[in-house]
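S.K.: Sequence:
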Amino acid sequence: MPSVARNILEALLEANPSESGAVIGLAIADLTDKKFDQAISTLQKRVLDKDPDNDMALAFLGMSMKMAGRAAESEIPLDRVISRNADMQAVALAQSIKSETV
1203 MPSVARNILE ALLEANPSES GAVIGLAIAD LTDKKFDQAI STLQKRVLDK
1253 DPDNDMALAF LGMSMKMAGR AAESEIPLDR VISRNADMQA VALAQSIKSE
1303 TV
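In the numbering used here, the protein residues as written are 1203 to 1304.
Since the hints were made in silico from the structure, they are not lab data.
All of these numbers come straight from a predicted model, not from anything done at the bench.
Any given hint could be a false lead.
Straight-line alpha carbon distances no greater than 25 Å define the calculated DSS-like cross-link-like pairs of lysine-lysine that follow [to be verified]:
{"id": "1", "residue 1": "1252", "residue 2": "1237"}
{"id": "2", "residue 1": "1247", "residue 2": "1236"}
{"id": "3", "residue 1": "1300", "residue 2": "1247"}
{"id": "4", "residue 1": "1300", "residue 2": "1237"}
{"id": "5", "residue 1": "1247", "residue 2": "1237"}
{"id": "6", "residue 1": "1300", "residue 2": "1236"}
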């Protein structure tokens, strides 16, 4: 992700540190840069430690784990999103991630 986009996301977080969408955006930027462990850490520390039921963050955590070669471990957050069935977009994303091979 271009540094301009990353800078915008960081500025959003300075103004509103609890904005999970911006944190997820940073994790996606990490995935794009193949920084899988950094994406996992970002999601866990900056979203899920504060909001463990954030289904979108859980879905992207599962994606990050799968892309990092931790497919078996990725099933845990993905299955949690699917079983909770609370956020339909996150459920659809989790199902799609589970069905993909990386």
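S.K.: Tell me, which hint numbers fail for this structure?
M.R.: none
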